[in-house]
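Which chain is which? The protein sequence lines are A and B, in order.
So for the first sequence, our numbering puts the first residue at 4; every next one is plus one.
So for the second sequence, our numbering puts the first residue at 208; every next one is plus one.
Hint data in this document are derived by calculation from the structure and do not stem from the laboratory.
Some clues are possibly wrong.
Listed below are several chain A residues computed to face chain B (Cβ distance under 10 Å; list not exhaustive) [claimed, not checked]: (1) P34; (2) P37; (3) G43; (4) S83; (5) A100; (6) F148; (7) G151; (8) I155; (9) G159; (10) G168; (11) G169; (12) P172; (13) Q212; (14) Y215; (15) K222; (16) G223.
Glycine is no exception: its CB is placed at the ideal position from the N, C-alpha and C atoms.
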Amino acid sequence: MGRYIAHRLATTVVVLVVVSFISFSIMQLVPGDPAIIMAGLGASGDQVQRIREQFGLDQPFMFQLARWYGGLLVGDLGESITLSRPVIQALAERAPATLALAGVALALTLAIGVGAGVIAALRQNSWIDRLVMAIAVFGVSVPSFWLGLLFIIVFGVMLDVLPTGGYAPLAEGFTAWIKSLILPAVSLALLQIGLLARITRAAMVDVLQQDYMRTARAKGLPDWVRIGKHAFINVLVPVVTVIGIIFGLMLSGSVVIETVFAFPGIGRLMANAILTRDYPVIQGGLLVTAFAFVLLNLLVDVFYSWIDPRIRYD
Amino acid sequence: MMKLRKLLIAGLCLSVVSMPMLAEAQKKGGEILVGMYVGANSIDPHFSASYPTRTMLYPLYETLFTVGETGTPIPMLAEELAISADGLTYDFKLRQGVKFHNGKTMTAEDVKASLERYARFSPDRISFAPVTAIETPDPYRVVIRLKEVSPSFLDRLASPTSPTSIIPSEQASRELNKTDNIGTGPFRFGEWVPDSHMTLERFDGYSPNMKATGPDGFGGRKTVWADRVRLRFLPEASARVAALESGQVHFIEDVPQPSVKRLQGNAKIAIENLAAFQMPVVYLNHALAPTNNVGVRRAIQAALDMDEVMLAASGGVHKLNHAWVYDGNAFHNDGGKALYNINDAAKAKQILKDSGYKGEPIIFNVASIAWMQRVGVLVTEQLKAAGLNVELRSMDWPTLASMANGNAGWNMATSGFGSQPFVGAWSYQRLFVGEFNLARAVDDKVMEEAWSRFNNSLDVEKRKAAWRDIQTRSYDQVYVVKLGDMGMSHARSAQLKGFRAYAGATRLWDTWLD
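This is chain A alone, in the form it adopts within the complex (with noise of 0.2 Å):
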């Protein structure tokens, strides 16, 4: 197993030189010049050129590049042009608010769709499964910008008792921080809880169609140790594939979320940054999640032999 790991350890650096390639080249290739941008309408030509050699936009691809690759190696991710701080330091300010909306999404999304998906497969074909599935498909369906924007008008407005948006760090107290995430934080999830809902119903319906289970019943075994135990263990192969996918569309697909509830993210900043051409904030972002990816599913490969010991990977 750690040999596995170095390996995809190494892997990663791999793919993340690929991705700052990518990621670089793209904005280079996008039309839009932030010096212009910075300038503003009929700027002068000394003006435009004074920001570009201040921001060494000015230098050839390949020297801008090698720069890039430099810093790296250092752990530099470059100075924003447009928040004139370290890309670094501005990704670290949001990342709070992301992984806090992240991750109480997440967990939304685990409790109700797994438990929504066993359900569903267990009363497979009543009315109960019809209702969930249905759930689901308009989970999956409903735009989450409206769905926020419900959300804030009936339990913001209407009922008055959450806030309407903005994130309360846990400093201002654990009440103040969970009730600004709520919201948020079902938005984001109610696509994603339907997904899980499917697979793991798909799952669970196929597992509990296994000759063991007919064994397991024929045992007697309880229902709790025959579901609990000899099903759920089967079915997580599958739904933790997808949670790590999950997960990292959650860190990375916040962006209309944290617009509609004025959450100070690394989604926000980003799509700023895209609208001002902040090259190296945008290069930045893209390998951070990049890498938050590539992580997450090496986590995901070594939960998979944790519970399937027939998974090994030496």
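Mind docking chain B on chain A? Use the hints.
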């Protein structure tokens, strides 16, 4: 120094617009919660200031001169200004006893150090290009010497587009975004969390301008009633409205017009319309066919129905105005008025026919900003009805701005002038003349000569005449098609009193919670 013209400033401050609040009793205390439509990337005292950034900066910082309600320069930290007859020396007498947030008393050394920092970091530092020396003959006098006449120097010094904020001298050596946010403003800095919020606290050591009778633009006599202000950055319009309706904020900026109609039925909420927030425009490329043909450009100008276009842009909060500055500005004039909002498709067709236009495609770049998209579609249809072969291309703002910086790939492009019509005529120079003018016009001697007169005369009336010629020429040659003056609707809780909408920023002084 020979002083032929001495501006005794105190009298200027008497024209303030402070009457409405006299009828209501102000209350001290509480925290005003504000929902802004966007935050800022930088709150450095000497960097660029858009409308939202000004809302964040002006509570903290003040300048020697600032702008009043109509954008005219008025004194703030300066008490008197004497300009030499040759226009090369500006002698400022400072107000005494003005305290910084750190308790230090402001002196000429702080002013000098601050202006020198501005000249290092500000995107508008070109304003200080004519400055040869900043002298401090005594602790309350600052003398600025210029190498050449710069009649707009005071306008530039007072301009809020990149404020000449006065900060303690020991802070002036700090790099960009590294100061401790210490100024002389009526609020002191609390905290700023980018993309989340900023807090401001009443500065009890504030030294108001006692020569004024009330607030005036960014200047005048400012009074803070609230203990604190919390500016929350709420980019999603519906979420802003929900925050106001639920009582989670007292004030929100930029309410969409459909929500305005709904909120008008709520007795607990009042709408505050800002008559002029920005100036939507379509600028034309003189360097690329077919808009290099002045006939084609004039046909575009003649075809447009500004009533319809501005209704689409603003949803109803707008005014038709041909001028490049807002009503009330001293440089407002009638130049080009006859060519604004002609709305005559038949005339446009005739001009086109005479111009020799053969139906060549006209590329119209439209930024993916909601009002620009609406304007883009409507303008395209109106021009097609007049016989112009317009090809609409939608793109994000950075792409549009970068393309417009060159001659190729566009004939028309959408934009909006935000600060220019507010701060005044001088700010249009780089848009209308020079190598990088918006219209990519070359060798327009009439325009160049008019700007030369504008920039070299110390006589205000002559400068106004020059500006009238500039505006007239911009219409005659169709540099930029002005669509109108677009406003913005704010909304406040009935609990928030004293608020007055202002084109410069959202101001939180002289407002209070009832």
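Verification of the hints:
no.: 1; hint: P34; in the structure: holds (4 Å)
no.: 2; hint: P37; in the structure: holds (8 Å)
no.: 3; hint: G43; in the structure: holds (7 Å)
no.: 4; hint: S83; in the structure: holds (8 Å)
no.: 5; hint: A100; in the structure: holds (8 Å)
no.: 6; hint: F148; in the structure: holds (8 Å)
no.: 7; hint: G151; in the structure: holds (8 Å)
no.: 8; hint: I155; in the structure: holds (5 Å)
no.: 9; hint: G159; in the structure: holds (5 Å)
no.: 10; hint: G168; in the structure: holds (5 Å)
no.: 11; hint: G169; in the structure: holds (6 Å)
no.: 12; hint: P172; in the structure: holds (9 Å)
no.: 13; hint: Q212; in the structure: violated (47 Å)
no.: 14; hint: Y215; in the structure: violated (51 Å)
no.: 15; hint: K222; in the structure: violated (56 Å)
no.: 16; hint: G223; in the structure: violated (56 Å)
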